[in-house]
Structure formats: C-alpha cells, structure tokens
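If you read the sequence shown in the working numbering, its first letter stands for residue 1, the second for the next number, and so on.
It is worth saying that the hints were derived from the structure and are not from the lab. These figures come from a predicted structure and were not determined experimentally. Note that CB positions come from ideal geometry on N, CA and C, so glycine has one too. Treat the hints with caution; some may be incorrect.
Said to hold, decoys possible - Derived pair list, reagent style EDC-like, types lysine to aspartate or glutamate, alpha-carbon separation capped at 20 Å:
1. Lys58 with Glu19
2. Lys237 with Asp286
3. Lys231 with Glu210
4. Lys231 with Glu310
5. Lys282 with Glu312
6. Lys249 with Glu308
Said to hold, decoys possible - Here are the in silico distance ranges between beta carbons for each label pair:
7. Asn255 with Asp98: 44 to 52 Å
8. Asp18 with Thr162: 21 to 29 Å
9. Gly247 with Thr162: 32 to 40 Å
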Amino acid sequence: MLDPKFSTFSTKKAKAMDEAVNAPIARYTTLKIGGDAKRLCQPHSKDELIELVGDLNKRSEPWFVLGGGSNLLVSSQGFAGTVIRTTNLIEINNPEPDLLEAAAGARLPHLAKYAAGMGLSGLEFAVGIPGTVGGAVIMNAGAHGSCIANILESACILDAQTGSIETLSKSDLEFQYRRCRLDPARHVVVSARFRMSRGEAAEIESRTRENEDYRWRTQPIGFPNAGSTFKNPSPDKTAGYLLDQAGAKELKEGNAAVSAIHANFVINLGGASSTEVTNLLKRMQDTVMAKFEVRLHPEWKTLGSFSESEKEVWS
C-alpha cells in the first residue's frame, strides 16, 4: 500500500503527467534488475519536469531522474521515492545552422543519426551509447575517442536545491572523464546545446554506421546489460583489457555473469538480483587487483538500498 505522504499530485499540469505507484523499475533499465519505486512519473514537458521536482523538494520526498536506464544498477529491494523518467522529453531543434538543441530525454543514437542526416558532424561517437542527453551530460558519455564535452556548448540546468534554472557553459560544467561538476542528487539536466561542424551528410552517415556496426560486433546484444561496467584506469590500459587478461570472462555469480564477448560488460542471464551483480563486480575488481594491482571503479550509478559491504564496490 502506498504511504500517504506519496499522494498523487493535484496540479492541472501534473494530472496530464503519466503517473504510477509501486512501479517496477526493472522494466525501465537496460540491465532489467530492480524492485519497485514508490512512484513513477513521466512528465510531458520541461515545465512539468521543473514543477514536479519543485513539488517533491517541498514535500522532502526522495527522487531520482531516469533517462535511458543504462549505466545504472537498481536495488532489488526497490527505491522508497519517486523515479522521474524523461522518456517523453525528446524534442530536438536546430536553432542555428551548426547547432542542435535537445531535451533531456532525447536518445543519443537517435540524436546522432539526426545530426548525420543534416550533415552535422560531432555526434558520430554517440550512436552506440544507449543513453539520453541528460545522463550523457551528467556522465560526460563517450566512445570512439570522443565525448560529450567535445561538442557541448551549454546546458539548461535545474538546481533542485534553490529552484533556479541556469544555463551553464562547457567550462562551467568542469568536465572530466565520465563526470562533470553536476550532482545528480541536486541538478537536473533539462536540455543541452551541441555545437557541430558541417560536412558531407553521406560521409558523416557512413562514419555513424561504422560506429554502430562496431557496437553490434563487440558488445553483448543478446542479454540485458548496463553498458561498460568499469571506467578505464588509463588511456593505454582499458578496463576491458585488464579484465580479459585477468581471466574475468570466466566469472559468474548466480544469474549474473561477465560477457564472453567483452570482459567489461556484465550480463543478466535471467532473474539476476542486484546482490548477485554487486558480488560479481567485487570479484572482478579483486581479480584485476590480484594480477595488476589496479583498482577498477564502476561507471554505473546505483539507486535504492544497498548494504555497507555492497557500497564498498563504489567507494
């Protein structure tokens, strides 16, 4: 039964918003793991998103913004708060000849193909990343030697703590490898602008297809996964290489296993729990530490309840 404090929203804007209680979050993640959230809300506009976060903060209710559901491990015990899914916020605009503006929920593969079709180069790397614009900005998503920081001009950010809306430049965001200065527990990406370079559409589309084909050849497609598991400790020593050389492809924990195709991918064989996945990540870390004396750090974020020993994997 839903806790009384998690009553439905009463504003006219919120009534139009998709809303469910005791919602199973696993279906909205690429790893297909996770218990129920107290509430799931899917706003239909930027204004609804901003109003929703403001209302939740006023009520002191916990919340989490969910984009494509990749790079995320949700506890099998669920989340005692509201999950805000940005799946409806997918608007893409072309305000200037070499500028694209995309809402937080726009999918990176779609945005990359959209740009290529317009003869705009810079997003070819993103076609194989199963995430959204919002998550990509927060994590400085990257592949094929490029990343969001290379093309982002600015981002519209909601500061949930102050209620203010700010437009932050690339320098304001202080991008680093797989992160920026934004705190996902406080800051919500509403939209982002990407400065591109013009070129021949056919050539850009060809590079985009090559990157997409590479993903299909080198990453596990048949089983649910959350994307790359660990950050690369250095440019010349990738996590996948270290895990492969350490024999991690043989590791399995219950229904969670390391992919035989790519050692830096954990797959859900069917019905895996968050505890099984966390235990497997710990074994992967220990295997690489024993052989190379290198500590691997997960790329993934977590949501929900985890034990102190499980949290050590992310420390």
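Evaluation of the provided hints:
no., hint, result
1, Lys58 with Glu19, "19 Å, holds"
2, Lys237 with Asp286, "17 Å, holds"
3, Lys231 with Glu210, "23 Å, violated"
4, Lys231 with Glu310, "18 Å, holds"
5, Lys282 with Glu312, "9 Å, holds"
6, Lys249 with Glu308, "26 Å, violated"
7, Asn255 with Asp98: 44 to 52 Å, "47 Å, holds"
8, Asp18 with Thr162: 21 to 29 Å, "27 Å, holds"
9, Gly247 with Thr162: 32 to 40 Å, "49 Å, violated"
Checked against the numbered hints above, the structure breaks hints 3, 6 and 9 and satisfies the rest.
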